[in-house]
Amino acid sequence: MAQSTNFSKAVRYGLIAGVVALSVSAIGMVETFDVRDIITGVLTLGQLLLFSTALIGGYFSWKKGEGVTPVGALLRGLVAGLLTAVPLVFLIILTVLWPDIRDSFVNVTPALINILTFDQGTVTGSLILLVVMGVLGVIGAAFDLLSERIQKPLLYGLLWMLGIGLLSEILLLILRPYSPRALLALLFGDKGITPATAVVIFVLAVAINAWWTARGKEAAERRRIARPPSTAKQLRRLNIGLLIAFILILPFIMGTYLTEVADVVGTFVLMGLGLNIVVGFAGLLDLGYVAFFAIGAYVMGLLTTQGDLGIGGISFWAALPFSVIAATLAGIILGVPVLRMRGDYLAIVTLGFGEIIRVLVVSDLLKPYIGGAQGILQIGKPQILDFVFVQPEHFYYLILAGCLLAAFVSWRFRDARLGRRWMALREDEDVAEAMGIRLVSTKLMAFATGAAFSGLAGAIFASRLSSIFPHSFNLLISINVLSLIIVGGLGSLPGVVVGALVLVGLPELLREFAEYRLLLYGALLIVTMLLRPEGLWPSPVRRRELHESQMEHISEDETEEVHSLA
Amino acid sequence: MSQRFKDIDYIGVFLWVFRAIIIVLVIYGTVSKLFLGVGNEYTIETWIDFFVSGLSQGSLYALIALGYTMVYGILFMINFAHGEFFMSGAMTSTVLVATFLSASGFLDAQPLVSMLLITAVSIITSISVALLTERIAYRPLRRAPRLVPLITAIGASFFWQYFFRGLFGSALIPFPVPESLQGRWTIFGLEFLRTRVVVMGTTVIALVFLYLFIQRTKTGKAIRAVAEDKDVAALMGINVDRTISITFAIGAAMAGIAGVLWGLVFRQVHFYMGFVPGIKAFTAAVFGGIGSIPGAALGGLLLGVIEAVGPPLFLEGLGIVGAHQLKDVIAFTMLVLVLIFRPQGLIGEKLAEKKA
Amino acid sequence: MKRATLLLVLSLLLALFLVACGGGEASEPAASEANEASETSETAVEAPSTDSNTSDAVSCDDPIGCVEVAPGDPIMLASALVISGPNTELGLDSQYGVEIAIDLHGDIMGHPVELQPEDDGCSAEGGQTSAQKIVSNPQIVAMIGTSCSGAGVPAAKIISDAGYVMVSPSNTSPALTDPELHEPGYLRTAHNDKIQGAAMADFAYNELGIRKAAAIHDGDPYTEGLATVFSDSFKELGGEIVAFEAEAADATNVEPLLTSVAAAGPEFLYFPVFIPLGSLITNTAADIDGLDGVILAGADGIQSPSFLENTVGTSEGMYASGPDLSFSNAFYTDTFLPAYMEKAGTEPTAPFHAHAFDATNMVLMAIEQVAKEGSDGTLLIGRQALRDALYATSGMEGITGTITCDENGDCADPKISVSQVQDGEFVRIWP
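Top to bottom, those sequences are chains G, V and B.
Read in our numbering, the first sequence has 608 at position 110, and its numbers run on one by one without any break.
Read in our numbering, the second sequence has 207 at position 206, and its numbers run on one by one without any break.
Read in our numbering, the third sequence has 172 at position 160, and its numbers run on one by one without any break.
In isolation and in its complexed conformation, chain G is listed as follows (with noise of 0.2 Å):
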């Protein structure tokens, strides 16, 4: 009876997996990732996008609960599957007909209509893609025929797998200087992990998430309800213990690649810290944050390079204080002219602010003192009695004591009187101000406390390097530093942590893919607050908020008076 409707969902899914299909394949990430493979002679990464995208619309191709037949449910994956691969065979007569269309697509190159054909020419290319898109569709849709006691371990073990696959140059990395050559050759291909672990692994995730399902999460959480509140105290300090001598010791496991994109992520978790006092506590939305970055480093770099440029000459920790007082004293006067704007103006005048520091850094009025577009170089290292800090390694210590410091600071302003003060400033200015809150010195203080840490990273930034160019301190960096406080949770400290390893140091690592890195970037910013606008580990006080919202379905300018009133 309904059947012309259930397909049309099919069709409907079918045809987007489609045109996402058709999409990858011609921006060139398929061709690209075909070289990086997963598992060793098996999958290749740009096989796994290309194929993902006919499993799930079969996925997607029909709902448990319409009152479809097994069979149904299979030939409804079946016509996703293969209009997935309608598109693709358009793209493969398209490059037959119109043998010029690199000089328009620049990569729908021969490489990848082989790679979609498989090499078998096509007429016969086309009639295997089908086929392959069209078995896909249906495991797709078989796959929610599975009852979930099925279907849930098997994903976890298919990601897991994929996962290490994925990650296996990194993994290769940190393994490396430990393992005998002839360990590796078993476990690792050429570029990506060899069947055998891929297997391996497989199993092991399934096994394990199908008895933790079934028996350790119950075992685990009778113990938890078991263990007297003394015992759970005790547990949590030995967690926290652990954590500590964790990140410790953190360097010496990940070698010195993986420190340095520590310290990348140590850097922007700083200036993370520094941001959300002004937008997470206080609500001053900021787009100009990087100029306080540059103003640390450039009065670092003044103070202590060797070079022509240098005033002073002076050591790390003596010009430590200076940069740190210059970008908070930055912070006062530029927060002063912008302390009767609100919101999105706000936002402007301080991206303008940003603009107006770089543009000045650049530019040849400065030259003589700043170096221009040259930039300082010889920037002086941080040194205690005889040992200099060289190495990522050493660094890593230096940014994580500042974490430290900021993340203190930051904590206990917020449960202090300012901190209160900031957040009802947030909620409501008006409202601040009648219950006698001084606005003027309570947002020049998120102001200058929020430079202070920027300054600070942008210090420990010049001396790591060594070196500065005005190149470095563009939007792109308040923009980043914006999007990892709003990822991470705006207001909360360890969201800072988990937006900068996921917008930061993810990317980082995943800079092989360097061409389509920032497309990733992209997306994985819609997809994070697609699914978790609250943010991916929310203060408790917005997550309250959100919910709330959320629960009442009330007209936002009355979730604004909420948000007020809470």
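Keep in mind the hints are simulated off the structure, nothing from the lab.
Just so you know, not all the hints are guaranteed correct.
Said to hold, decoys possible - Here are the simulated DSS-like pairs of lysine-lysine, each with C-alpha atoms no more than 25 Å apart in a straight line: (1) B:355 / G:689; (2) G:731 / G:650; (3) G:507 / G:562; (4) B:427 / B:206; (5) B:247 / B:224; (6) G:561 / G:650; (7) G:865 / G:879; (8) B:224 / G:865; (9) B:206 / G:865; (10) B:427 / B:247; (11) B:206 / B:224; (12) B:247 / G:865.
Fit chains V and B to the given chain G structure using the hints.
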């Protein structure tokens, strides 16, 4: 205004000093440029050139700014991806239409038809990209906190940039200008570059058209109603989602037109071309008073003119080297100045304060 | 459902660290000892070879270590070029040059050559991170990069300290090969700004008889350096710089800038910028009254077909300085360009693919010179030996000219030529 800040007169003093310094600098620079002859000497014609160039650049900013301001007016969100709507139209129409028309000679034979065709493709692409973005990245987040759609907008901006780079490559793509649009026209005894005249003319037409659309048509009324209050509008039988989509589409259409005009003026398109104009147009929208359509137009034109005339007039007069490099400094300083005087922008409504 | 997916992703991330941790703790000292032990036992079993050229895998006597390439394994090179952001076309173009060089060169002593491309982001931090990643892989023999001088400064330090070596195809900043600042592992096939800027000034003053010139740069270290050197040299020769202006690299409306410059009355306008801004300036200059008859000139940053394609008509007659003989030799047009078009699908988008090609060949040839093959087919490449071989490169015929390295790592052919655009082609006219 100092009612709200009565306990802090020194802030007011600071702001006055700030304003005074900037105004003195501007006046000093202008005077020394015009009357004391610091730096290069410019003739009246040169000044007119600066001005016209700024106006045509400003027209483009204005067209793009419309999209920002309309979306802001209705959703109160900064649509960071708007610059990419502009880029997508320009890129697609150049690669898929203009290049072929030029190669076949049709462009020079039938310039008007060709340009209309190119513009149509550009508009369609921009609208498709905009609607897709709105559907996927913004609509599900209507009720989310205000910063969340800002982040998805940033994400969409990155995504589209690199999507189109993958599609059409990272090379600079030449935009073919019809022969009949090259060179100059003489109007009122003054010579103007033809492309500039076309840009300004098209912008004026588009603006008038848009204004009439918003003021006179039923859809326009629906847009204004939704901008005023979404829930009440919904109660009045207006399909809010559809109206928002239409708003996005109109903004994107303007961006699509701007994309083609951009190609005409600068003769090249690139996957990164949306970013800087996007920021500038956003600035222009705030400058004029975000949410207001005439404001966006005025802000865009002013920004363009300040960027073109500011460096030679104020900065060279002050004896600053590399003056043109600092045009962004002037533009943003002016913005700050305007916003200190009038926090709601040049012709923005006071309501901005309540909702922003 | 949503939550489950998120949890999955998060747990995956976490797992990465856990795996890292577990692997490390379990096998830290023991495994490395075992590793050494197994290696020594392997070599003990094999009979030492008498042939001097095919020595054993263990005989690494290089002061800063060797790369050991097992039989059948590829020889790893890395590149760190800008392949994201607004300068993409610059770095991607170089990367194609590197890949083509590797393809054309073929195997070295039975080992394929493989490239690990990294992104230098055209920034100091990008250079630092990519260099750090490269030196963390002991199999990588050498690096081609960076694209931008700003990235080159920190990268040179890291690469050199780790005993690796890098050859940059497009760093031009004088600081990098300044005797006081030069890092031992740093070489380049791009022209030092000092040479190129001075050559253009010489050409303009002596050959064209120009006395009043103007220069424009875009705030990039490359263009700012060239413009500065040009101005200084031109003034030294006795000429006058009537305008020294700057514009943002992503600028759009350059008309006011050019109008300003025109008012200063130069006879010659030098803008050593990259293609996007370069073609914008060239196209706009044609529309500016005051610039009629003013001679336009750029540097090697615009010497590319993509520039010509974007400036049909307007670039006619303008000059560009650059490597000698670059785009008119037979190998380039018959072999290289077709390979490039095949790979990229477009004409070259920047000029430095040629330098990258030469840089890669330089490295490959040096590897061939110093690699020692063990009896089992294991290849041993001494890092210091490789550096020495690279510095000893002399008289190598590349597509950018004759490549000879000096002790500071400058390898580009010192002969700078000036080309003129004639009938839509760069034609060499000087010297």
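Consistency of the hints with the structure:
no.	hint	verdict
1	B:355 / G:689	holds, 22 Å
2	G:731 / G:650	violated, 33 Å
3	G:507 / G:562	holds, 13 Å
4	B:427 / B:206	holds, 13 Å
5	B:247 / B:224	holds, 10 Å
6	G:561 / G:650	holds, 17 Å
7	G:865 / G:879	holds, 24 Å
8	B:224 / G:865	holds, 24 Å
9	B:206 / G:865	holds, 19 Å
10	B:427 / B:247	holds, 22 Å
11	B:206 / B:224	holds, 21 Å
12	B:247 / G:865	holds, 19 Å
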